[in-house]
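The listed protein sequences correspond, in order, to chains A and B.
The numbering used here applies: residue 1 is where the first sequence begins, and numbers increase by one.
The numbering used here applies: residue 1001 is where the second sequence begins, and numbers increase by one.
These are computed hints drawn from the structure, not numbers from a lab.
Keep in mind that a hint or two might mislead.
[Stated by the list, open to error] A partial selection of chain B residues facing chain A, derived with a Cβ cut-off under 7 Å:
no.	residue
1	Ala1015
2	Arg1024
3	Ile1040
4	Leu1074
5	Thr1083
Note that CB positions come from ideal geometry on N, CA and C, so glycine has one too.
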Amino acid sequence: MIETYLPSILPAIYLLASIGFILAVKWLNHPDTARRGVIIGEMGMLLAVIGTLLRVDTNFSMIFLGMAIGAAIGAPLAYLMPMTSVPQLTALSHAFGALASALIGTAEFYRITPTGFTMAALSLETLLGYLTTTASVIAFAKLQELMPTRPLTYPGQNVVSLGVLAGAIVVGVMMVAGVSAPWMFPAFIGLALLFGILLVIPIGGADMPTVIALLNSYAGVAAAAMGFVLDNKLLIVAGSLNATAGLLLSIIMCKAMNRSFTNVLFGAFGQVQGGAAAQASQRPVRSATPEEAAAVLDAASSVIIIPGYGMAVAQAQHKVRELYDTLTKRGVDVRFAIHPVAGRMPGHMNVLLAEADIPYDKLLEMDEINGDFPNTDVALVIGANDVVNPLARSDQDSPIAGMPILDADKAHTVMVIKRSMSPGFAGIDNELYYMNRTLMLFGDAKTFTAAMVKELAGHGS
Amino acid sequence: MQSYEFGLYVFMLAAFLGFELVKRVSPLLHTPLMSLSNAISAIAVVGAILVTGDKDATTLMRWLGFVAVICATLNVVAGYLITDRMLKMFRKREPGQK
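Turn these sequences into a full structure, and let the hints guide you.
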């Protein structure tokens, strides 16, 4: 019976699923509605899967076994990974999604021997699918520190990378044009896989937010391209939502660093300036102990905390929350200033601070809070560096020139928790550290924050 | 209108819609946005099921489809669960201070 009605039911199911996905993204515009968005997105996915299962007439055991295995690996990954590992998990998740698109493209290639437009869509699907897979695996390895996080470069790198990409495109175009030989498709796959690796190897840790967003976008384009191959509008809608989300995020990241895509992908940031920085670090700085720092905080009436990747590395977010609690209890106005590229993926700091139970209305974006620094008693920088470097405003020749920064230097007193005087990712010295109003708090972010909390608590009772 | 032409229009409209929607997402939620949109694009699971369940499929295609089903499901499950886990943490007031 279901077979009779299926042709009319199925489009309705897929249409409802598309609506679910669109609403899911729409409701993400505010934390209050966001969880509802996830639920409707899940319902959309469930509908799509059920609808698709109705179309299939054979081999259910393999399908269900595959779904069971996928769920059995995916669920523990999502629940057991600590929140600081969200960037890695996202990279891994991109890799699997892209691999699925790529494998389906490969299977379709051998099933329908496509031509013309379908072949063009299929080439795009497999090219982006395979390159996103290897690129995401490398990104994962770098984020998990299985590989060095610094940019790995060699002479002629860009020529080699672009050569591989050009090779893949040439083979792809030949196949679309109707030239066919058995070696061509496997060669195309090989070049795509290789290009993915070459693409991410020269990219350093602090550029990961842009790259992850870009890979997210590629995975979306691959899914949409699959929609063209299978003539399925649901795939096109879902894929293009993902593609635009990723693209927009990577544009936001690039703008927040005042750099272009080309510069992020092929620039291998921070290679040149190392020598100059080492020299400049000889200048004197003022440092302070946890006791002195606690006294400064105690005397303040407004504090802005600027977290960076260093806070994530030191897992200091819970101690930072204790500091927030202690100071708030004493009537100090404590807020957080979040730079768009702080951390290793877009929004990374927000997630960590939310995990530590800091109310989200205390987490402010750069544009919202920058005007308040001149009226703030203390700017406390925890594990951030380049995003508070005033050189970005003053020095036109600096690699970070023109990058929008948090105006921490305008606060009455600046305190910086930092392990040592080593320069940040951009490899340049930070003028902020040498100001008269700046106190350097040398030590591990977690230990130092804990010491300040203890000191403040001791005075309070 | 040919089917792919129609598809291109759908793609174009969805891209513009996506752009307008994503622009309104609070920067606070950029990480959940990424994991959610990633989970949505795991809609590739549809293609994976169709390939695996095709009755004319060769053994190679079945196996490719099977691996694709695993990968896509993993992406769906991990993507939605991690998004929900993150969103649960965003609270306006501290607990006990309501």
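Tested hints:
1. Ala1015: With a minimum Cβ separation of about 5 Å from chain A (threshold 7 Å), the hint on B:Ala1015 holds.
2. Arg1024: holds, 4 Å
3. Ile1040: holds, 5 Å
4. Leu1074: holds, 4 Å
5. Thr1083: holds, 5 Å
Comparing the model with each numbered hint stated earlier shows that all of them hold.
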